[in-house]
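Read top to bottom, the protein sequences are chains A and X.
If you're matching positions, the first sequence starts at 1 in my numbering and goes up one per residue.
If you're matching positions, the second sequence starts at 1 in my numbering and goes up one per residue.
Keep in mind the hints are simulated off the structure, nothing from the lab.
Don't take every hint at face value.
From the structure, some residues in chain X lie toward chain A, with a derived Cβ separation under 10 Å [to be verified]: (1) A21; (2) Y35; (3) C39; (4) T69; (5) F72; (6) V73; (7) Q97; (8) V118; (9) S120.
Heads up, the beta-carbon is just placed ideally off N, CA and C, and yes, glycines get one too.
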Amino acid sequence: MSTATHVHVEHHDAPPRGIWRWLSATNHKDIGTLYLVFSLIMFLIGGCMALIIRAELFQPGLQFVTPQFFNQMTTMHALVMVFGAVMPAFTGLANWLIPMMIGAPDMALPRMNNWSFWILPFAFTLLLSTLFMQGGGPAGGWTLYPPLVLQTGNAFPFVILSVHMMGISSIMGAINVIATILNMRAPGMTLMKMPLFVWTWLITAYLLIAVMPVLAGGVTMLLTDKFFGTSFFNAAGGGDPVMFQHIFWFFGHPEVYIMILPAFGVISMIIPTFARKPLFGYSSMVYATASIAFLSFIVWGHHMFTVGMPLAGELFFMYATMIIAVPTGVKVFNWVSTMWKGSMTFETPMLFAIAFVILFTIGGFSGLMLAIAPADFQYQDTYFVVAHFHYVLVTGAVFSLMAAAYYWLPKWTGHMYDEKLGKIHFWLSVIGVNILFFPQHFLGLAGMPRRIPDYALQFAEFNALSSIGAYIYGFSQLLFVYIVIKTIRSGEKATDQVWEGARGLEWTLSSPPPYHSFTTAPEVH
Amino acid sequence: MTAPTTSQANRRTLRRLLLIAAPMFGFGFAVAPLYSVICSLTGLNGRTSDRPVAVAEVQGEVDKTRTVTVEFVANVNESAPWEFAPKVVRMEVHPGQFYRTSFIAQNLTGAPLVGQAVPSVTPGPAAPHFQKIECFCFSRQAFKPHESKDMPVVFRLDPSTPADISTVTLSYTFFKVEDKGS
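Make a model of the complete structure from these sequences and hints.
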């Protein structure tokens, strides 16, 4: 491995032109771009579904859609956002950045990389096409609990197949990330010198490989229960529907960390740049990430406190879940300490990063409330849960993605984005998202159930407020699309380092970087 | 031995990682038997034994000082064509004593039917202590057209039933047995 400095790469020097460049892409930057563009499109599609949901919930009563279609929207919104927007966006960042950060010419397995991306558009075409089928798309919730999900009409096998394809895509992407990080680091780039984004992705990739196959197994059992007469989840044949919940959440809890650990990595890159100080507690960040990943495997039961677990089980899952607050607290502490007495400036990426730290922590705290088993009996399946996971996934994962986009866009395109528009986008987003999700805490505590198209009159004010926030937040994302397009096309020329305080190998390359990042490996000291 | 080239190393990493992914796919399926075993050992999902307990086997004295409420619930799965109900819905029992009750089922169709009742005990921790000496759920029940049957259960609550349990619900779900040639 020490002699891996000279890698003879059989590439053409310039990419092929036109559509073929993208279809046959094996270059990590091209594939990264494809992932990011794909996830942005999915983010907008999933966002439209969210706006349909919020339009229906603006007033009590049924206004725009039927309950069946409403349920399809909640189900599809989740599937599209989780598997189509957030996960591919992080894979796109990994493709773009990991080779540049560790001093490699490209990803380890470029052809597999091409395959793992191009599966996705097919998977989502399949998934979205179910909305136009007889009986409509899946409406039993993204968690696919039987026996309800088995009542899905013609869409059912399409949904299962598309989940399989997404799983295969993520597993291949994860294998690629691990192989790149383990085998292609520049000389001198020891594991404990790697940027934190690389570390968090390495751990995330292991999570993906461990749990995506479990989901694939679970949905395969659903498929055979429906079509081949097995009874894994059918009590009439000796099965148990609760077993599906165990399988699903054994996948599902690590899955939520798959969506947040790379976000931790992004924030750990951005805050030191704009605080102009090295990251506080680098090695504790690495250990905290690894601890969170380990704990994610033993806490799945907190999603199912109300299924009738024995007291010992409830206590175990309650305490195990609460322990996660310790490594997460270490991280938040380190971010704040990095900013402490730093020479801070507040460019758009830093604004998103600071908003992440504050708002993600709010989501973490409501998570702690939900972790308390006796209290969870009250919160289960209410809007409090909806508020919680949107705080960690929207103001957490999505805000980190926005921060990452602004932070690295000048490096990727060679142009500075419009700082003024970026700031407007930030403030619209952060105000909109809080009007959108904060009232949902109160709705949940007052007992409003989730996944219901109509509600009692006393919930009307907070729901109207929430819907207004949704439209502010939703439409301000169009501004983001405009900013990205404008930056690609024009804008002030970016320097190589882009940000005064930026450190790391990717900032030693030109902006935009050459087609093959490091054809000769850099020396890392 | 020479150091492997990067592409050899990459392929080796690929193989090793696939060796993690493949067993994890199998693990999803392995959960099914594992879950069954764990549940029948601990009664976690309210599953009770599907075999009768012999009178000679039972242990412990009758505890007249303690009274536990036993509730009976009868369900019919989906559109299985039976009418199915417990004869009494609630009994006050002393742990250790034998009790007898029965459930009534009627075939609502004009054709012969075979059904099977599947029991479940709530709360789960009580399940291993709920002993059935005789139960119609141990075997399939054949019904002639429109036949009505009185089906007995003889049960006993073990004196070792955890002290914090004051109500136990025994629920039966009646399933239609499709002829699958077995």
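Practice task
Answer holds if the nearest beta-carbon of chain A is closer than 10 Å to that of V73 (chain X); otherwise answer violated.
Solution key: violated (14 Å)
Handout entry: Hint validity - Y35 (chain X) Cβ closer than 10 Å to any chain A Cβ
Key = At about 5 Å, which falls below the 10 Å cut-off, the nearest Cβ of chain A leaves the hint on Y35 (chain X) intact, so it holds.
Practice task
Closer than 10 Å between Cβ atoms is the bar; does C39 (chain X) clear it against chain A? Give me holds or violated.
Solution key: holds (7 Å)
Handout entry: T69 (chain X) as chain A interface residue, shortest Cβ-Cβ below 10 Å
Key = For T69 (chain X), the interface hint is violated, since the closest Cβ of chain A sits about 18 Å away, which is over 10 Å.
Handout entry: Residue hint Q97 (chain X), partner chain A, criterion CB-CB below 10 Å
Key = violated (26 Å)
Problem - Minimum beta-carbon distance criterion (10 Å), F72 (chain X) to chain A - result: Given a least distance of 18 Å, the restraint on F72 (chain X) is violated.
Practice task
Go through the hint on V118 (chain X) and say holds or violated, using the shortest Cβ distance to chain A against 10 Å.
Solution key: holds (6 Å)
Problem - Interface hint outcome for S120 (chain X) [beta carbon to chain A under 10 Å] - result: It holds, given that the least Cβ distance between S120 (chain X) and chain A is near 8 Å, below 10 Å.
Problem - Interface hint for A21 (chain X), Cβ within 10 Å of any Cβ on chain A - result: holds (5 Å)
Hint check: violations occur at hints 4, 5, 6 and 7; the rest are consistent with the structure.
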